[in-house]
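Let's have the full structure, built from the sequences with the hints guiding it.
There are 2 protein chains.
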Amino acid sequence: VKKYEIVRTILGERWNTAPHYTIKSAFAPTNIALCKYWGKRDEELNLPLTSSLSISLGSKGTTTELKISGKSDDEIYLNGGLMQNDSPFCQNLLEFLNLFRYEQTPRFIIHTNSNVPIAAGLASSASGFASIVLALDGLYDWQLSQDELSILARLGSGSACRSMWQGFVHWHAGIRSDGMDSHGESLRARWPEFCIGLLIFSESEKAIPSRVAMQRTITTSALYQAWPSKVSRDLAAIKQAIGNKDFQLLGKAAESNATTMHATMLSAWPPIIYSVPETLVAMQRIWELRNEGLQIYFTQDAGPNLKLLFLQRDIDNVLANFPSIEIIQPFAID
Amino acid sequence: VKKYEIVRTILGERWNTAPHYTIKSAFAPTNIALCKYWGKRDEELNLPLTSSLSISLGSKGTTTELKISGKSDDEIYLNGGLMQNDSPFCQNLLEFLNLFRYEQTPRFIIHTNSNVPIAAGLASSASGFASIVLALDGLYDWQLSQDELSILARLGSGSACRSMWQGFVHWHAGIRSDGMDSHGESLRARWPEFCIGLLIFSESEKAIPSRVAMQRTITTSALYQAWPSKVSRDLAAIKQAIGNKDFQLLGKAAESNATTMHATMLSAWPPIIYSVPETLVAMQRIWELRNEGLQIYFTQDAGPNLKLLFLQRDIDNVLANFPSIEIIQPFAID
Numbered sequence: 001v002k003k004y005e006i007v008r009t010i011l012g013e014r015w016n017t018a019p020h021y022t023i024k025s026a027f028a029p030t031n032i033a034l035c036k037y038w039g040k041r042d043e044e045l046n047l048p049l050t051s052s053l054s055i056s057l058g059s060k061g062t063t064t065e066l067k068i069s070g071k072s073d074d075e076i077y078l079n080g081g082l083m084q085n086d087s088p089f090c091q092n093l094l095e096f097l098n099l100f101r102y103e104q105t106p107r108f109i110i111h112t113n114s115n116v117p118i119a120a121g122l123a124s125s126a127s128g129f130a131s132i133v134l135a136l137d138g139l140y141d142w143q144l145s146q147d148e149l150s151i152l153a154r155l156g157s158g159s160a161c162r163s164m165w166q167g168f169v170h171w172h173a174g175i176r177s178d179g180m181d182s183h184g185e186s187l188r189a190r191w192p193e194f195c196i197g198l199l200i201f202s203e204s205e206k207a208i209p210s211r212v213a214m215q216r217t218i219t220t221s222a223l224y225q226a227w228p229s230k231v232s233r234d235l236a237a238i239k240q241a242i243g244n245k246d247f248q249l250l251g252k253a254a255e256s257n258a259t260t261m262h263a264t265m266l267s268a269w270p271p272i273i274y275s276v277p278e279t280l281v282a283m284q285r286i287w288e289l290r291n292e293g294l295q296i297y298f299t300q301d302a303g304p305n306l307k308l309l310f311l312q313r314d315i316d317n318v319l320a321n322f323p324s325i326e327i328i329q330p331f332a333i334d
Numbered sequence: 335v336k337k338y339e340i341v342r343t344i345l346g347e348r349w350n351t352a353p354h355y356t357i358k359s360a361f362a363p364t365n366i367a368l369c370k371y372w373g374k375r376d377e378e379l380n381l382p383l384t385s386s387l388s389i390s391l392g393s394k395g396t397t398t399e400l401k402i403s404g405k406s407d408d409e410i411y412l413n414g415g416l417m418q419n420d421s422p423f424c425q426n427l428l429e430f431l432n433l434f435r436y437e438q439t440p441r442f443i444i445h446t447n448s449n450v451p452i453a454a455g456l457a458s459s460a461s462g463f464a465s466i467v468l469a470l471d472g473l474y475d476w477q478l479s480q481d482e483l484s485i486l487a488r489l490g491s492g493s494a495c496r497s498m499w500q501g502f503v504h505w506h507a508g509i510r511s512d513g514m515d516s517h518g519e520s521l522r523a524r525w526p527e528f529c530i531g532l533l534i535f536s537e538s539e540k541a542i543p544s545r546v547a548m549q550r551t552i553t554t555s556a557l558y559q560a561w562p563s564k565v566s567r568d569l570a571a572i573k574q575a576i577g578n579k580d581f582q583l584l585g586k587a588a589e590s591n592a593t594t595m596h597a598t599m600l601s602a603w604p605p606i607i608y609s610v611p612e613t614l615v616a617m618q619r620i621w622e623l624r625n626e627g628l629q630i631y632f633t634q635d636a637g638p639n640l641k642l643l644f645l646q647r648d649i650d651n652v653l654a655n656f657p658s659i660e661i662i663q664p665f666a667i668d
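Protein chains in written order, with the working numbering: chain A, 1 to 334; chain B, 335 to 668.
A couple of the hints might just be wrong.
Stated by the list, open to error - Some but not every residue of chain A turned toward chain B, in silico, with C-beta under 10 angstroms: (1) Ala222; (2) Ala226; (3) Met261; (4) Trp287; (5) Arg290.
As the list claims (entries may be wrong) - Chain B regions said to be covered by chain A (calculated; three or more residues, Cβ under 8 angstroms): (6) 370-376; (7) 563-577; (8) 583-593; (9) 612-621.
As the list claims (entries may be wrong) - Beta-carbon label-pair distances, calculated as ranges: (10) A:Gln225 with B:Asn449: 51 to 57 angstroms; (11) A:Val281 with B:Glu537: 55 to 61 angstroms; (12) B:Glu429 with A:Gly293: 32 to 38 angstroms; (13) A:Asn291 with B:Asn449: 32 to 38 angstroms; (14) A:Leu82 with B:Gly627: 51 to 57 angstroms; (15) A:His172 with B:Glu537: 32 to 38 angstroms.
Hint data in this document are derived by calculation from the structure and do not stem from the laboratory.
Think of the CB as a built atom: it goes at the ideal place given N, C-alpha and C, for glycine as much as any other residue.
Dropping the structure here:
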């Protein structure tokens with residue numbers, strides 16, 4: 001219900017006006033955190049304990065189309081397939097949409113198309129909620145600022161607030177209890193040589209949702225207390241690395257941040273391990289390659305898959321070792 | 335050289351006397367830490383930052399025979415095979431032996447026989463150094479106390495100080511800079527139903543020696559700062575569990591202590607992972623079995639192997655799930 005108040009505050013007199021168009025579609029990229037969001041100071045408003053920093057994945061993301069419907073109920077299509085409205089996916093989506101609708105009117109036909117695996121640690125919910133907010137802004141012609149849109153997306157899923165921009169995005173934790181200062185900020189830096197390789201071991205749903213893992217870690221891990229200051233140092237290093245195009249500094253800080261986040265989970269009770277055997281094998285291979293001089297690093301989210309970080313000049317070498325990866329060049333689309 | 339002073343202090347006027355016998359053999363059990371030793375406050379004297387608690391493995395361990403030799407050099411046989419004196423194994427052993435010999439006389443023929451895999455995280459060095467100290471004490475007829483023997487064994491390898499007793503052993507960290515208060519103490523408690531299952535995935539040498547991993551973790555892990563207070567809590571829980579024969583409390587504290595130690599390594603730079611793919615699969619299976627009601631826990635040292643913890647009543651069930659394990663009943667030999 002706090003969420004509802006935030007929406008009304010941001011929309012102001014635009015609250016409960018009729019849509020300006022009958023159909024609107026919007027795309028938002030998914031994003032990968034180089035410095036992780038791990039721990040909330042407010043569960044309902046998705047306010048983080050620490051700031052974080054991500055890179056958006058260009059054309060990888062979610063397009064959501066909202067169309068005014070004459071029917072008595074919403075219809076939701078995920079990648080072309082009609083979903084049951086009582087499925088967890090639809091319930092999350094509708095609960096979010098209802099923040100913006102008076103008595104759930106108007107009804108929508110919603111098409112959400114994602115080109116990233118759902119719930120496999122690739123932040124599909126981030127691009128999903130961000131694209132919904134953008135589609136709503138278009139449909140109602142609210143003309144909200146990107147910061148406002150970022151805050152609204154955050155109400156759906158924390159990391160969605162970073163999907164409002166391409167490139168490197170710094171999510172400021174903020175200090176206000178209403179979260180009006182907790183939103184993304186584009187670093188504007190471009191780094192055309194920057195590459196991400198998606199190394200997918202499993203596209204299946206996570207055994208433990210990240211929000212559950214986060215909560216269990218905070219309440220049971222003896223090591224979590226040291227996490228916030230680790231984030232401060234890594235965030236500063238990554239920002240410096242981006243400013244100087246110092247890839248080694250970026251890679252080290254990002255990988256260390258990821259392994260340390262997983263370390264807090266390993267020390268939770270019961271322990272949480274998202275890695276599968278293939279994850280371990282790939283990590284050891286990455287460390288071997290780095291010992292041989294290749295500048296390759298990884299990051300890992302709440303799932304088994306790895307995201308390789310490297311520079312364009314090493315694409316051939318990386319592909320020779322990881323032939324199955326999908327390579328994203330986040331700055332290639334500009 | 336500090337080590338040398340400790341030896342002279344403990345031996346007193348027995349220092350540099352001739353051996354009383356020409357041959358002596360002694361056995362010491364290996365031990366598995368339920369609350370880990372992870373971090374040193376003195377590298378040379380193997381003084382730990384925290385106390386720890388172990389269970390000795392009965393007849394699993396090392397027998398060392400020392401025989402006075404007329405030859406010009408020591409001869410070392412490991413499990414029957416003559417070793418090169420310039421191998422790391424012999425150099426460690428001879429460096430330790432030389433603490434007790436004046437100008438390396440007398441020379442010894444040394445037979446060391448271990449029934450635990452060498453350097454596979456099964457603390458073969460602990461039983462090795464403990465058995466050497468016991469054999470020396472016998473050969474020279476020093477008649478040292480067990481606490482003194484424990485201190486001497488610690489100079490060879492920290493965890494060796496716990497191998498001076500069977501059963502549960504509490505290694506007190508101590509506060510003295512000379513380490514004269516840093517030795518094992520037998521808890522005397524017996525728990526005949528207590529079982530350990532050795533689940534061996536690899537008997538090969540560790541890629542990273544534990545002393546290197548320990549040092550790297552302390553100097554680079556952002557999470558290590560929280561480790562000492564974690565140990566205090568786990569140690570208290572395990573002692574309470576032993577006193578009350580509360581197996582669930584013991585299992586939880588021991589497993590959580592182990593995963594948290596590995597978490598500090600995962601957050602080191604470069605990160606350290608001792609688990610192999612089979613380790614991960616076994617952990618997930620253990621957690622599944624526990625969810626199904628079986629009281630089974632694990633601990634893991636600086637290697638890929640797991641040590642399962644369970645009670646005698648569940649042997650059949652554990653064996654059905656892990657047919658390859660070797661089961662140790664530490665209190666069966668009394």
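Could you see if the CB distance from Val281 (chain A) to Glu537 (chain B) stays within 55 to 61 angstroms?
violated (20 angstroms)
Outcome, coverage hint (the region 583-593 of chain B, chain A; C-beta under 8 angstroms; three residues)
holds (count 4)
With 10 angstroms as the cut and Cβ atoms as the points, is Arg290 (chain A) at the interface with chain B?
Holds. Min distance 8 angstroms.
Using the Cβ atoms, figure out if Asn291 (chain A) sits within 32 to 38 angstroms of Asn449 (chain B).
Given about 35 angstroms between the Cβ atoms, the range holds.
Take the shortest C-beta to C-beta distance between Ala226 (chain A) and chain B; is it under 10 angstroms?
holds (5 angstroms)
With 10 angstroms as the cut and Cβ atoms as the points, is Trp287 (chain A) at the interface with chain B?
holds (6 angstroms)
Is the hinted range of 51 to 57 angstroms satisfied by the C-beta distance from Gln225 (chain A) to Asn449 (chain B)?
violated (42 angstroms)
Using C-beta distances, would you say chain A covers the region 370-376 of chain B, given that this needs three or more residues below 8 angstroms?
Violated, because only 0 residues of the region 370-376 of chain B bring their Cβ atoms closer than 8 angstroms to Cβ atoms of chain A.
Is the coverage entry for the region 563-577 of chain B by chain A consistent with the three-residue Cβ rule at 8 angstroms?
holds (count 3)
Using the Cβ atoms, figure out if His172 (chain A) sits within 32 to 38 angstroms of Glu537 (chain B).
For His172 (chain A) and Glu537 (chain B) the Cβ distance comes to about 51 angstroms; the hint is violated.
Met261 (chain A) as an interface hint toward chain B, with CB separation required under 10 angstroms
holds (9 angstroms)
May I ask you to test the hint 32 to 38 angstroms on the CB atoms belonging to Glu429 (chain B) and Gly293 (chain A)?
holds (35 angstroms)
Violated hints, in rising order: 6, 10, 11, 14 and 15; the structure is consistent with all others.
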